[in-house]
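Enquirer: Chain residues, written in single-letter form:
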Amino acid sequence: MTSLHKTLILLFLFSALLPLYPFESEDLLPLDILSGDNIEHLYSESEFQKYTLYINEASEEELIDFPLFTKEEALLILKWREGRHLSSERDLKAIGISDDVIFTSLPYLSFRKPLNYSINQTLRYYYRGTETIDSPKAYSKSELQIDNVQAGFALLSNSTSLTTGRLNYTYYLSQSYDKHLKQLTLGKYRLAIGQGLAYAPGSMFSKSSDPLQARSSYKKPVRLHTSPHKAQSLEGAAAIFSINNNEFIPFHSNTQLNATISDGKTSTIYPYTFPNDNRHNSLSERVDGMAWRYICRSNEIGAYFSYNRFGREFVDPNYSKKYTTLGSFYSLDFNLAKVFGEYAHIDNQPGFVGGISWGERKFQQILIYRSYAEHLPTWHGNPFASKSKFNNEKGYYYGIKAQPHRLWSINLFFDISRYPFPRYFELMPTTRTEQFLLLSHKRASDTFRLKFHHREYDKAITYEGESTIFRVNKLTTTLDWTNQINRHFRNRCGIDYISSVTREIDEFKDGLLLYNNFIYRSKRLETITQISVYRLGLNHYTYEYTLDNWQETKSYNGNDIYAYQIVKVKFTKLTLQAKVAHTFRKKSTNCFIQLLLDI
Amino acid sequence: MISLLGSRLIYFLFRRRIKAALIVLLLLYISFAHAYDLPLQVSANQNATAGLIFLYSTPSNSHYNPAFISNDGIESSFGYLFNLTELPLASLHLAKSYRNYGLFLETSHLAHPYSKETDLQLSLSRHGKLFSSGFALKYHLQNIVGEETGSRLTIDWGLIIYHGRIVGGVSLLNLSHSAFTTYVGELNYQLSEKSSISIGLEKESDFNPSLKLGTHYSLHDNLTLLSSYQLNPDRIGVGLVLQPSRLKLHYGVQTHQYLSLTHMFSISYDLSS
Chain A
989 MTSLHKTLIL
999 LFLFSALLPL
1009 YPFESEDLLP
1019 LDILSGDNIE
1029 HLYSESEFQK
1039 YTLYINEASE
1049 EELIDFPLFT
1059 KEEALLILKW
1069 REGRHLSSER
1079 DLKAIGISDD
1089 VIFTSLPYLS
1099 FRKPLNYSIN
1109 QTLRYYYRGT
1119 ETIDSPKAYS
1129 KSELQIDNVQ
1139 AGFALLSNST
1149 SLTTGRLNYT
1159 YYLSQSYDKH
1169 LKQLTLGKYR
1179 LAIGQGLAYA
1189 PGSMFSKSSD
1199 PLQARSSYKK
1209 PVRLHTSPHK
1219 AQSLEGAAAI
1229 FSINNNEFIP
1239 FHSNTQLNAT
1249 ISDGKTSTIY
1259 PYTFPNDNRH
1269 NSLSERVDGM
1279 AWRYICRSNE
1289 IGAYFSYNRF
1299 GREFVDPNYS
1309 KKYTTLGSFY
1319 SLDFNLAKVF
1329 GEYAHIDNQP
1339 GFVGGISWGE
1349 RKFQQILIYR
1359 SYAEHLPTWH
1369 GNPFASKSKF
1379 NNEKGYYYGI
1389 KAQPHRLWSI
1399 NLFFDISRYP
1409 FPRYFELMPT
1419 TRTEQFLLLS
1429 HKRASDTFRL
1439 KFHHREYDKA
1449 ITYEGESTIF
1459 RVNKLTTTLD
1469 WTNQINRHFR
1479 NRCGIDYISS
1489 VTREIDEFKD
1499 GLLLYNNFIY
1509 RSKRLETITQ
1519 ISVYRLGLNH
1529 YTYEYTLDNW
1539 QETKSYNGND
1549 IYAYQIVKVK
1559 FTKLTLQAKV
1569 AHTFRKKSTN
1579 CFIQLLLDI
Chain B
14 MISLLGSRLI
24 YFLFRRRIKA
34 ALIVLLLLYI
44 SFAHAYDLPL
54 QVSANQNATA
64 GLIFLYSTPS
74 NSHYNPAFIS
84 NDGIESSFGY
94 LFNLTELPLA
104 SLHLAKSYRN
114 YGLFLETSHL
124 AHPYSKETDL
134 QLSLSRHGKL
144 FSSGFALKYH
154 LQNIVGEETG
164 SRLTIDWGLI
174 IYHGRIVGGV
184 SLLNLSHSAF
194 TTYVGELNYQ
204 LSEKSSISIG
214 LEKESDFNPS
224 LKLGTHYSLH
234 DNLTLLSSYQ
244 LNPDRIGVGL
254 VLQPSRLKLH
264 YGVQTHQYLS
274 LTHMFSISYD
284 LSS
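Protein chains in written order, with my numbering: chain A, 989 to 1587; chain B, 14 to 286.
A hint or two may mislead.
Unchecked claim - Below are the SDA-like pairs computed for lysine to any residue, each with C-alpha atoms no more than 20 Å apart in a straight line:
hint	chain 1	residue 1	chain 2	residue 2
1	A	K1462	B	L244
2	A	K1326	B	L274
3	A	K1382	B	L274
4	A	K1350	B	L244
5	A	K1129	A	G1140
As the list claims (entries may be wrong) - Covered stretches of chain A, going by a simulated chain B footprint (3 or more residues, C-beta under 8 Å):
hint	segment
6	1253-1266
7	1350-1358
8	1396-1409
Simulated from the structure, these hints should not be mistaken for laboratory data.
Ideal Cβ placement from N, Cα and C applies to all residues, glycine included.
Only chain A is shown next, with the shape it has when bound in the complex (with noise of 0.2 Å):
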């Protein structure tokens, strides 16, 4: 372990302590240099030399509240609002305002419309490092909004430096308007069409803890693409046209993706490369197309189209290199039950995603069928599936939401699929099931859950030198508690237990996870600590906290100590971030620090 490892290390451990530090856990009030007549003896000078009153847009109480005007001066002006504009002093001369008062308050008003603008830029770095391997990175986001347009530009560099290392980028510009041209994007985006089946954001349409999620939602059709990662974004334009209830929403795009190329033919795609790999923007990508939707109240129909062209052919022919995109899809709620599906046949290939919800609030129900073709391309969907490479795939997915007692709640899902099709190293049909259990009781400041997830599977395993299919059950045991300690203080402390069973081969394979964490929160202050025990004869997978509260997935093998800290000091524009993980018997220490500034 290096001298950096160790003084990192130690920094974090004692930034643990910070929460004792006597910091201020309400924040002074802001400066409300108008409540009062005696400003002198609220504010300083200074202080209310910054202040600017923007006449025209100014409320009642604010005018009323303005130290250099009477209450009556302040009704005139009002008055005079009413229908028109304040444009110099001269109307507030027209109105009745003394000279004396115009000539003291002039330099604090203003009589354009304020501008609204923000500027966010965020720097983060990256360190991951064991005994042997350093692997810097570097990040930086810069965003502007200036009233209803937004503009962005991220880079990521695969040194600490944003200039001379190998860069990944996005960039986007985006306007919002009221009437009917209601959004205009220009670089990366996102389309969120339907139930996600041909065009979807992201990761957002899985099995999780609560099942009703697994039905998509989505009320922004055009998304930025914030991430330099170009995993299922678009580069081009888009917009949104809003005429009565409908939205018709053009697109194109022109852009390059990651591919491995052989023999001048594409074999896979890869979301994320560097530069210096063979495989960045070795693939060129054109989409054209529309897609409209009409609605109405929580209503929605819709249809798209899109023409798709690869620049290179693919090394599988069942996948072409020009195809079109075709499919509708609808959501109707029904106040009973929710009904919702797509149907899209990309490249002559079907899919479908369909499903119900019912139930009270109570007790609520959801049922979910789909059906997806062998050779269906998956480039930019990510509809509700048992995978993330979602063709060859049919499935019935039930969920169940119950709340039989104000103090427990129920959550069950369960999940049977079939891939008809051999897939990966299974030179035959598979199935596969799942059962979900959660079982929560909350009290006041107490939390306690405990869950079950079970899944059984085939999958291929060599044994005694032949790859022969076998029959995997997968079983994860949860259970943790969460005390909401005071409104600063929150501690979660949990146990899993993991074992899969081989019963033809007679393999059995356990583990355990022991893991406590504790928040600290306050308005300037945040930290996160959490230390993981685990000894583990196979993979498992839990979710962490990483910077800006977003949690990713930490997978978990053999038999060590982890432990991570989060801090999180915010000033005035400025937030300071850094997470430090390390993995005590592996010497393996990942480092994040993220300056976020906010104009």
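We have chain A; now place chain B onto it with these hints.
Expert: Frame of chain A; chain B shown alone:
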């Protein structure tokens, strides 16, 4: 466990002053009965609920528990097992109650070009405020091409207990042959006026138990949705009942892991006054 349960049930029956003759008669018949296969789900409702009977009351429910008695009515069902036209299944059910006693008659026919099976069932039950009990005589006739026609007589026994919003039931099917005896249990909880949930267990001798979970939800006065999940083998069942009048239309579909769906349709008529 079963013997403990049985002793408690017998104690319960005696405490309620049910004549022991009923039990003795039932036990006597066991020695004459023969083996029988796992109960087929012979109606649309059973297909949708994986055989859970307390979710929605229809005459065919007595097939799974002879202690069950629905409103007086008649029900007829039809479907193709696994969507195979070679496997049509048809059944007819009749339920009639008189004072505290219930009578149930059922006939079902499964046809295959090489094998035909016909079942006849007669159930008798007695109903109280807290519990119901009953037994059934089943006659099974099988005709396999090229073989002699075979027939068997078996007995089922069932008990249902009512406690507020909770209904529990146990039944022992094919008591005559221990290798094929099937134990069926179900617990139903009325969540609200519109919905209820059932948990069930079905265990055939020498096989792993099958767990079941089912729900019913009255979407509308005239429309009820039924759904279920069965573990081992894994199946999802869904169904709906249209009930515009005394005449009801039932539809149930059940998934199978490897085979195609089984769709079943039933039509029932409520004869109660």
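Enquirer: A separate judgement is required for each hint: does it hold in the structure or not?
Expert: Outcome of the hint check:
no.	hint	result
1	A:K1462 <-> B:L244	15 Å, holds
2	A:K1326 <-> B:L274	24 Å, violated
3	A:K1382 <-> B:L274	12 Å, holds
4	A:K1350 <-> B:L244	24 Å, violated
5	A:K1129 <-> A:G1140	7 Å, holds
6	1253-1266	violated (count 0)
7	1350-1358	holds (count 4)
8	1396-1409	holds (count 4)
The earlier numbered hints that this structure contradicts are 2, 4, 6.
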